[in-house]
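Here's the letter readout for the chains.
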Amino acid sequence: MSERDLATRLHLPTLGVTAVIVAGWSLLSWRYGAYVLPSPLSVVRGVGEILLVGFGGAVVIALLTGLASFLSPRARSVVHDFLAVLNATSVFVWIVISIIWFGLSNWAPIFTTFMITLPVVASNIVEGVENVDRRLLEMGDVYRLSGREKFRAIVIPSTLPYLVAGMKVGFGLALKVSVVAEIFGVTSGIGYIMNYSREILATQMVFVWALVMILVMMVTDKLVFDSLSRRLARWR
Amino acid sequence: MAMKLQVVGVGKDYLIPVIERVSFSVEAGEFVCLLGPNGCGKTTLLRIIGGLEPATRGTVLLDDRPVVAGDAHSRKVGVVFQEDRLLPWMTLAENVALVLKPLGLPAAERRAIARRHLGLAGLAGFEDYYPGRTSGGMRQRAAIARALAIEPDVLLMDEPFGALDAQNRRIMQNEVRRIWKETRRTILFVTHSIEEAVAIGTTLIMMSARPSRLRETIRNDGRIERAKLIDDLNTMIMEEVERQQGGAPS
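So the protein sequences, as listed, match chains Y and G.
Residues in the first sequence are numbered from 1045 upward in steps of one, following my numbering.
Residues in the second sequence are numbered from 23 upward in steps of one, following my numbering.
Just so you know, these hints were derived from the structure itself, not from any lab.
As the structure is a prediction and not an experimental result, all values here were calculated from the model.
Be aware that a few hints might be false.
Restricting the straight-line Cα-Cα distance to at most 30 Å, the calculated cross-link-like pairs of lysine-lysine (BS3-like) are [claimed, not checked]: (1) Y:K1194 x G:K98; (2) Y:K1212 x Y:K1266; (3) G:K203 x G:K98; (4) Y:K1194 x G:K123.
Turn these sequences into a full structure, and let the hints guide you.
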């Protein structure tokens, strides 16, 4: 199958359908008013902020823990212990804590998303750092590559696939968790709207939003992460 | 004549003593093959000489300066391992150019040197291939080109053709012999194949069974007939294998 063939098969029809859905959505929003169905733009802004700050922050911190665990074995064991605790903590714990700390602000779902995705992304990166081929590092020592050069030429390329895999799982989790977090306390966002739709017995809206979320997830998966991992695997 | 490499009373213990005490010297430009029964510590000795592992006793002198494991020696050592150890995400040329960076050469010069040495190893035209797209023999050639590109004072080779089939092995032996004649590098070559050692080495060093010592050093200058030399070495290695097995409870 050629590259072009693949693009046609996967992306273009999906993009077309997405465009139709967004158009229909805008129309419905205009017809029923923003209170029942906010416009796509405002939802994207809400979800986008949570994902950007919550998930993005988690990725940044995860990268730092990966760096620390590469530089020092002691830091690695500390990171391991903390990740084990974070992994074992329930979503609900973070939701309750975030409402106590941040109240009805947007920071509550952001914080919850951050705390839930951090261990997933960080565990992947740390595992990637641990799985760097010792024999390649020894080769670097033989040829006297500097620590920075070894990091750039050996550690980063061998860890990147783990990072992408971790981000892929983490992003899906972020999307799901942020919606759950929005049910409690917040007065905007998809989770809030779904809960509100349930209260006013607009069951069909619950399903519409569920579909929208599934679509968003699948599109980012195909467009962002699949093409990212394909680009990374160019040399395979 | 000054010795390029001196191994003085080097020994190594793990849980058991592996290398008891080994001493020998290598002149500049010699092609030394290290032979011995399996498990006698040939690879370990090579790693000690390359500064990849500390010795339990004894010292290694490279141009009269001691090799200390973990410290960068002032002389350059190239190592070809049993595996190619190329970075799979870099092309062959990038792999070779990478090890030239610590020498402080500008990028254009690094690229030119990399291409020249890949050409010397018979890889002209494959410079921009990723290792995964080439054969095992080509990857091992690239690893040799990488080791030669830094113009090493000593080139250490640890069974570099172990993973190749018989035909590729023969081709690579001729290539290494040719490269050695053209560059006159000092080479220390570990192998378990007597035929290989006799075919390419100028000096053959036979190690004994574990805990190993030096059993025999032979100049391979054609004065002994090749077939007889192979026979003698085979007899020696069988004696050592028996001794090693006799020492262990069966």
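Quick one, are K1194 (chain Y) and K123 (chain G) close enough, alpha carbons at most 30 Å? holds, 11 Å
Holds or violated: are the alpha carbons of K1212 (chain Y) and K1266 (chain Y) at most 30 Å from each other? OK: K1212 (chain Y) and K1266 (chain Y) at ~10 Å, within 30 Å.
Given the proposed pairing of K203 (chain G) with K98 (chain G), does the C-alpha separation stay at or below 30 Å? Distance of about 19 Å is within 30 Å: holds.
Is K1194 (chain Y) close enough to K98 (chain G), meaning Cα to Cα at most 30 Å? holds, 18 Å
When the structure is compared with the earlier hints, no violation turns up for any of them.
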